[in-house]
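Protein chains: 2
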Amino acid sequence: MANAKNILFIMFDQLRWDYLSCYGHPHLQTPNIDRIASMGVRFTNARIQSPLCGPSRMSTYTGRYVHSHGAAWNGYPLRVGEMTMGDHLRKLGMDAVLVGKTHMQADAEGMQRLGLEPDSIIGARQAECGFDAFERDDGLAFESNAGPNSPFVETHSAAKYNTYLKAKGYDGENPWHDYANSGLDDDGNVLSGWFLKYSDQPANIAEEDSETPYMTRRGIEFIEQAGDTPWLCHLSLIKPHWPYIVPAPYHDMYGPEHMLAPVRSDAEKQTDHPVLAGLLQWMVSRTFARDDVREKVLQAYMGLIKQIDDQMGVLFKFLEDTGRMEDTMIVLNSDHGDYMGDHWLGEKMFFHDTSVKVPLIIYDPSSKADATRGTTSDALVEMIDLAPTFYEVAGGDASDVDHILEGQSLVPILHGTGNPDREVSFCEYDFGHTPQAEAMKLAPNDARMFMVATRDWKLIHFEGGFRPILFDLANDPNELVDLGKSPDHAEHIEAMYAHLHAWALRNSQRVTVPTKRILLRRKNMEIGKVGILIGVNGPEDLPPGAVDQYIGRKAVDKRAPT
Amino acid sequence: MANAKNILFIMFDQLRWDYLSCYGHPHLQTPNIDRIASMGVRFTNARIQSPLCGPSRMSTYTGRYVHSHGAAWNGYPLRVGEMTMGDHLRKLGMDAVLVGKTHMQADAEGMQRLGLEPDSIIGARQAECGFDAFERDDGLAFESNAGPNSPFVETHSAAKYNTYLKAKGYDGENPWHDYANSGLDDDGNVLSGWFLKYSDQPANIAEEDSETPYMTRRGIEFIEQAGDTPWLCHLSLIKPHWPYIVPAPYHDMYGPEHMLAPVRSDAEKQTDHPVLAGLLQWMVSRTFARDDVREKVLQAYMGLIKQIDDQMGVLFKFLEDTGRMEDTMIVLNSDHGDYMGDHWLGEKMFFHDTSVKVPLIIYDPSSKADATRGTTSDALVEMIDLAPTFYEVAGGDASDVDHILEGQSLVPILHGTGNPDREVSFCEYDFGHTPQAEAMKLAPNDARMFMVATRDWKLIHFEGGFRPILFDLANDPNELVDLGKSPDHAEHIEAMYAHLHAWALRNSQRVTVPTKRILLRRKNMEIGKVGILIGVNGPEDLPPGAVDQYIGRKAVDKRAPT
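Which chain is which? The protein sequence lines are A and B, in order.
Take the first sequence: its position 346, counting from 1, is numbered 346 in the UniProt record's numbering, and each next residue is one higher.
Take the second sequence: its position 365, counting from 1, is numbered 365 in the UniProt record's numbering, and each next residue is one higher.
Don't take each hint at face value.
[Unchecked claim] Taking CB as the label site, the calculated pair distances span: (1) GLU526/B to THR376/A: 43 to 49 angstroms; (2) ALA124/B to GLY416/A: 51 to 57 angstroms; (3) SER486/A to PRO487/B: 54 to 60 angstroms.
[Unchecked claim] Here are the computed lysine to aspartate or glutamate pairs in the DMTMM-like style, where the Cα-Cα straight-line distance is at most 25 angstroms: (4) LYS523/A to GLU438/B; (5) LYS485/B to ASP321/A; (6) LYS441/B to ASP402/A; (7) LYS516/A to GLU438/B; (8) LYS91/B to GLU117/A; (9) LYS197/A to GLU526/B.
[What the hints assert, rightly or not] Computed footprint of chain A on chain B; a stretch qualifies when at least three of its residues, placed anywhere within it, have a C-beta under 8 angstroms from a C-beta of chain A: (10) 367-381; (11) 430-439; (12) 478-487.
Calculated from the structure, these hints are not laboratory results.
Only a predicted model underlies this, so the values are computations on that prediction, with no experimental measurement involved.
Don't be surprised by glycine CBs; every beta carbon is placed ideally from N, CA and C.
Produce the entire structure from the sequences given, and follow the hints as far as they go.
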């Protein structure tokens with residue numbers, strides 16, 4: 001087969017790269033995901049473009065850096081007209097369908113300005129990040145107290161899932177919370193999964209009704225209903241993202257003896273960097289620095305991942321039974337990691353590989369990929385490479401979109417025909433919206449940080465006048481020693497800044513003119529051939545044949561009497 | 001009066017800053033323009049954002065750098081949804097009307113993708129740079145040989161003007177060329193204004209039928225027809241832009257004795273800079289390096305400017321007779337200069353002040369501006385400052401748009417309440433579309449240059465690996481000595497690069513979220529107040545009152561049998 005007909009783009013949320021057995025976890029066995037790795041290529045240096053759901057996904061879907069698309073934080077709308085992989089693939093005759101989460105916020109003001117109705121086909125795609133939504137579910141049903149100033153209220157809640165739970169008899173206003181994401185004590189009290197101390201409790205729900213099996217089934221339902229038109233299905237699961245709680249039997253499968261030791265050093269706690277020191281003071285950091293909390297959370301986190309792998313087994317069996325495994329590319333990915341106490345941090349909003357490195361496994365059924373099955377690639381890959389990869393798989397010509405897409409296709413790696421490695425990868429985080437920026441009295445535009453990583457070095461630049469942070473990845477792969485102040489590393493810091501500055505000046509906004517059109521036209525601008533003459537003194541200066549229409553013409557004298 | 005009710009934004013095309021008597025020209029008297037300067041503020045350090053019509057205007061109209069809006073060359077469409085001053089002002093209840101040239105290319109592909117019909121109100125504004133077009137006329141009626149690869153065919157031609165000329169009896173297919181922009185020999189042959197050798201000929205047209213009087217009348221007609229709604233009228237005249245030819249009596253008013261001596265040195269011809277050396281080889285440069293050509297062209301150029309000033313006199317008298325002078329802000333500006341042989345160059349596509357410095361005169365009828373009438377300001381002003389200036393005049397709150405507009409309002413200067421000077425101004429030029437880039441075999445993205453100018457220094461950075469050019473503006477105001485290779489100036493070059501790099505990392509694409517919304521929301525993200533809990537171990541870690549909805553809730557036990 002030339003190319004895969006369909007693309008099943010599966011994204012997990014907040015899944016660390018190192019909690020899968022194919023990526024080396026010694027105790028968490030994920031045989032179903034591992035099997036896809038054995039059938040495809042497993043990428044070991046894949047990094048995201050921002051360590052937060054929204055901006056990371058907006059870069060993945062648009063194939064553009066955050067600095068280019070501007071949707072820099074959760075709830076920041078993606079500007080109307082910004083093209084996504086769905087818009088690009090649809091031009092090639094491939095449907096692009098969403099099942100699950102995007103964390104995309106529609107640009108309601110922009111849509112209104114352009115007269116786009118959210119319920120029109122074009123408007124709905126603008127509002128759903130270029131996808132046709134089979135089911136949109138950002139995986140969080142918010143508590144009613146989320147006020148108008150919450151940055152979260154606008155994102156889509158698990159409405160359909162709650163409807164499903166209520167139909168199954170789970171009562172209350174928000175069974176997503178009370179059952180799927182909470183435990184229950186002996187007196188019938190909800191033990192909210194929002195509280196980490198309850199993470200070792202079984203979620204008070206039948207396993208088959210919990211989120212991962214539910215959304216996996218929805219994905220299968222889409223594939224069952226899909227017609228002959230080639231499709232990209234973005235099956236986007238919320239787990240193992242918080243709330244960290246999982247139903248039996250997954251809730252008590254793992255104990256401390258199965259967990260990776262935290263990657264951290266006492267010296268890290270003493271950092272004098274104001275931004276990093278501020279991060280360490282977050283409640284989430286202080287909480288995850290506690291081993292008792294970490295162990296309860298990881299017990300649920302690992303269970304959630306095990307449940308995901310089991311559900312992937314169900315999904316992959318369905319694909320085989322229906323013949324889809326032969327014509328469907330399968331992509332397994334995550335939007336960012338989870339510190340889980342590494343470096344004394346919780347959540348993900350910084351640039352250690354714990355957070356910015358993600359699993360990426362691609363199975364290509366095409367015979368052209370036979371030579372690379374079961375191999376790994378350590379190429380520096382960015383998530384903005386997926387859109388151009390899918391575009392090529394769908395039969396597109398990269399030169400039609402390389403003025404918009406900032407990544408590069410991974411197909412040469414998948415087919416073993418080349419290794420289009422990049423020298424530097426970039427990641428960005430805008431924390432202007434956070435309480436930390438408020439506490440530090442930073443103007444939003446000064447609360448931005450940029451990661452520049454080569455194979456051997458990682459530099460973190462901060463706007464706002466702070467010194468950089470530097471890690472020696474070759475000799476300090478765990479990123480425990482900040483060399484940002486080291487006089488011995490001034491040259492390395494300068495070299496990394498040169499990469500950053502070259503990147504910052506890149507041409508990212510010429511999105512209306514393909515480069516190839518420029519190359520064609522500039523070949524055709526000989527004097528006299530473009531309809532105007534510039535700097536020509538007289539006919540004698542024109543090439544033969546280009547003269548006629550400019551001279552010799554007769555005109556009736558309409559000169560005004562003087 | 002609090003603020004001006006209306007704004008008359010007059011732009012001339014290719015008008016040098018130094019060919020007006022109020023800017024010091026010793027022989028070219030422009031009393032009508034000078035009078036507006038005596039009634040308002042004349043800016044002596046106003047620079048454009050790109051030395052080419054299209055990108056310069058797109059920056060002026062959007063209030064954003066070329067690096068931000070991406071319409072980097074003539075004919076590069078302005079991406080659909082990119083907001084312009086018209087879009088901003090209309091929100092404030094002010095009409096924005098175009099009479100004349102914008103050089104804007106509509107993003108037809110983007111409009112089609114979003115289902116915007118060019119003949120709909122929204123579509124038409126998208127296609128006309130946010131203006132309602134009373135008359136769109138880019139001032140050039142192209143010759144029929146302009147092929148499909150001409151970058152010029154798509155821009156709007158002088159269709160209505162040609163219709164007007166034909167109705168007046170000017171015959172032929174293109175009277176814009178044959179009469180308004182050509183002379184006539186004794187045998188009745190058209191002496192095409194495309195040829196510089198005919199620039200001293202009178203254009204073969206009655207003066208009142210030539211372009212400047214025609215379009216000035218059209219502007220007056222709009223103002224006559226305007227209702228009570230406040231309006232911005234962008235009266236945008238093509239002249240003194242080429243073709244360089246003017247009807248009697250303006251064609252022979254000036255001679256060599258009235259022209260400024262060319263600003264150039266023999267040393268400049270010896271430049272070893274590949275890009276600048278390439279520019280010097282253009283036919284237009286070689287032609288304008290000839291004194292005979294230069295003098296014929298300047299004879300027409302000065303006549304065209306004199307004609308403009310006379311027409312401004314007609315326009316300003318109309319404003320006085322109709323009371324508009326009391327409620328209308330008048331802005332006089334140009335989109336770039338014209339080398340006219342200075343530095344051995346023709347046209348405008350480089351960064352000497354000859355090209356990037358432009359006249360800017362603003363008359364504000366508001367009594368708040370009384371203190372500054374007849375004064376000058378040497379603040380470093382950019383054309384992206386006009387959109388925020390107009391927004392403030394229209395009564396807008398800058399904090400509603402400062403995430404989109406990259407300039408700053410000039411109102412404090414006009415009212416003498418402050419001097420919001422900037423330390424650095426920027427200008428960009430993308431020559432990837434030019435034959436020079438083709439000859440140099442430069443990839444389009446490597447054919448980009450950036451000007452960084454402080455009050456005392458000007459650095460020109462080139463992508464593509466070329467060395468920078470540096471001018472010492474304080475000691476070499478004519479920019480004759482390139483210090484880009486001078487070891488003694490390494491520190492200055494480094495300092496200027498620091499400005500460029502800080503600018504390149506600016507946050508220009510977060511166009512959907514006002515900064516003030518971020519500042520409001522980040523104050524309201526206390527734990528328990530935003531609908532989610534992150535990193536909270538237990539209820540005891542929550543502030544009082546934020547706990548209730550998370551605990552104490554009863555649930556019916558739906559746990560699946562195990």
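The hints, checked one at a time:
1. Checked against the hint of 43 to 49 angstroms, the C-beta distance between GLU526/B and THR376/A comes to roughly 45 angstroms, which is consistent with it.
2. Between ALA124/B and GLY416/A the beta carbon distance is about 52 angstroms. The supplied range of 51 to 57 angstroms therefore holds.
3. At roughly 28 angstroms, the beta-carbon separation of SER486/A and PRO487/B lies outside the given 54 to 60 angstroms, and the hint is violated.
4. Our distance criterion of 25 angstroms between C-alpha atoms is met by LYS523/A and GLU438/B, whose separation comes to about 7 angstroms.
5. For the given pair, LYS485/B sits about 69 angstroms from ASP321/A by alpha-carbon distance, which is inconsistent with the 25 angstroms threshold.
6. Note on LYS441/B and ASP402/A: the hinted pairing holds, with a Cα-Cα distance of about 19 angstroms set against a maximum of 25 angstroms.
7. Between LYS516/A and GLU438/B the alpha-carbon distance is near 13 angstroms, which keeps this suggested pair within the 25 angstroms criterion.
8. Distance hint between LYS91/B and GLU117/A is fulfilled; the C-alpha atoms sit about 19 angstroms from each other, no more than 25 angstroms.
9. Restraint check for LYS197/A and GLU526/B: satisfied, since their Cα atoms lie roughly 20 angstroms apart, inside the 25 angstroms limit.
10. Only residues whose C-beta sits within less than 8 angstroms of a C-beta in chain A count toward coverage, and the region 367-381 of chain B has 0 of them, not enough to reach three; the restraint is violated.
11. With 7 residues carrying a beta carbon less than 8 angstroms from a beta carbon of chain A, the region 430-439 of chain B meets the three-residue requirement, and the given coverage holds.
12. Residues of the region 478-487 of chain B with a Cβ under 8 angstroms from some Cβ of chain A number 0, which does not satisfy the need for three, so the listed coverage is violated.
When the structure is compared with the earlier hints, violations turn up for hints 3, 5, 10 and 12 and for no others.
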